[in-house]
Amino acid sequence: MDRSVTRPADSYSPIYFLASLGAGGIAVSFFMFLMFWVPHPGQPVPVFEDIAAAFATGGLPMQTAIAVAVIGIAVFAFLNIKSLIWNLQSLSAFKKTDTYAKLRNTNAEATLLAMPLALAMSVNAMFIVGLVFVPQLWSVVEYLFPMALIAFAAIGVLAFRMIGAFLGRVLSTGGVFDVTAHNSFAQLLPAFSIAMVGVGFAAPAAMSTSATTVAVALILSTFFGVAAILYTVIAAITAFASMLQNGTARESGPTLMIIVPIVTVLGILFLRQSHGLHVAFDVHEQAGETMIFLARLVSVQVVFLLLGAVVMMRQGYFSDFVMGSKTSPGSYALVCPAVALSVMLHFFVNKGLVGAGAIEKFGVAYWGVTAIAIAAQIVAIALVLRLNRQHFARRSVTAAAVPAE
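The working numbering numbers the first residue of the sequence shown as 1 and each following residue consecutively.
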């Protein structure tokens, strides 16, 4: 019998950029261990010197947490870049096909926004790698912030050009957007992309000591944050109307949870802005207000997690596309909500509950909430490993079984 070696990823889709995004997000989730457990006096984030000092002087639990975090950041940052390079190469080849030309004339054109989304995440992940692994980085960080702003500006321009091409096509001529195929939250991907650029812009606002740099970061991050919110609201409302009429597209079920990472990204953006306003412009926010703000964001996330879970369980999505033999690039969208919930819970318990004095740091209640964050992180890791094996491991199949390839 004639057999060939193939894999699902050989039939490329821009959605595969979410594989890079998910790995980068997991690297960020490991950084939360260092962010909130390692003392870092003198700067808003821990750096190599803080981590080394904590490892040298801390007990076994601290040393274990640091070792797990550092290894996790290294492994998943590597997977993030590896997947990003593979996707950029695959997209370049994909652009030369008839399938790409057809995609550019359908609703699926919005999936191309996964590319700037992954690029922005990789820039964020590489900054974390620098903080953790590069000695004396903080001594030159003020020179790095303008470079970061330029990098995010370039990604932002790319994202808006792609959004402009899509919206210009569908809004200038009637009948080219298929409303019946709008029955998922897939069209929120552009909002997610520009939100990720926005949170990148907000980083210098939270970390720089230059009022000018902080002001520029605040203004640019505000623009991208507001744009992301507007796009999210419009796309979600129109998509929900289509879902009520046509049901949710089965393979796009995971997009029902895309609100979760969008909320986390925008939440971190606003927290970074608040810190920058406090340090550079003497604008103060009360700890109780921060706690309630984060509680509201977590509440929104839980609502959409429950919505997505209900729909996908009714449709048998998990049994087919996660635990079963079927494959769909959209499965990688499941990684983002798990990572996003984990990161948001770390902020909620540390900046919210502990910051307001509601619970004691490292107490029973603290570890109770943190355990949920770690459980969500473990789910994300398991999903990445499982999906990578499903989509990228080569397997022998009958050639006739995959005529499209």
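If you're looking for bench data, these hints aren't it; they were derived computationally from the structure. Predicted, not measured: the structure shown is a model, and the values here were computed from it. Every residue gets a Cβ at the ideal spot worked out from N, C-alpha and C, and that includes glycine. Some clues are possibly wrong.
[Unchecked claim] Pair ranges (Cβ atoms, derived):
(1) Thr99 to Ser139: 43 to 51 Å
(2) Ser139 to Leu171: 30 to 38 Å
(3) Tyr143 to Ile237: 38 to 46 Å
(4) Val226 to Leu171: 15 to 23 Å
(5) Arg7 to Leu88: 36 to 44 Å
(6) Glu289 to Val176: 43 to 51 Å
(7) Ile71 to Val176: 45 to 53 Å
(8) Gly247 to Leu167: 37 to 45 Å
(9) Ala211 to Gly175: 47 to 55 Å
[As the list claims (entries may be wrong)] Derived DSSO-like pairs (lysine-lysine); straight-line CA-CA distance at most 30 Å:
(10) Lys95 to Lys82
(11) Lys82 to Lys361
(12) Lys326 to Lys96
Do the hints match the structure? See the list:
1. Checked against the hint of 43 to 51 Å, the C-beta distance between Thr99 and Ser139 comes to roughly 49 Å, which is consistent with it.
2. One distance hint, 30 to 38 Å for the beta-carbon pair Ser139 and Leu171, is violated here, with the actual separation near 49 Å.
3. Distance hint check for Tyr143 and Ile237: the Cβ-Cβ separation is about 44 Å, which falls inside the suggested range of 38 to 46 Å.
4. Taken as a hint, the range 15 to 23 Å holds for the pair Val226 and Leu171, whose Cβ atoms sit roughly 20 Å apart.
5. Separated by about 18 Å at the C-beta atoms, Arg7 and Leu88 break the suggested range of 36 to 44 Å.
6. Distance hint for Glu289 and Val176: a CB-CB separation of about 45 Å, consistent with the stated range 43 to 51 Å.
7. Range check, Ile71 to Val176: about 49 Å between beta-carbon atoms, so the 45 to 53 Å window is met.
8. Checked against the hint of 37 to 45 Å, the pair Gly247 and Leu167 fails, with Cβ atoms roughly 26 Å apart.
9. At about 51 Å, the CB distance of Ala211 to Gly175 agrees with the hint of 47 to 55 Å.
10. For the hint pairing Lys95 with Lys82, the CA-to-CA distance comes to about 20 Å; that is within 30 Å, so the pair holds.
11. With a C-alpha separation of about 37 Å, the suggested pairing of Lys82 with Lys361 is violated against the 30 Å cut-off.
12. Between Lys326 and Lys96, the direct Cα distance comes to roughly 27 Å. Compliance with the 30 Å bound is thereby established for this hinted pair.
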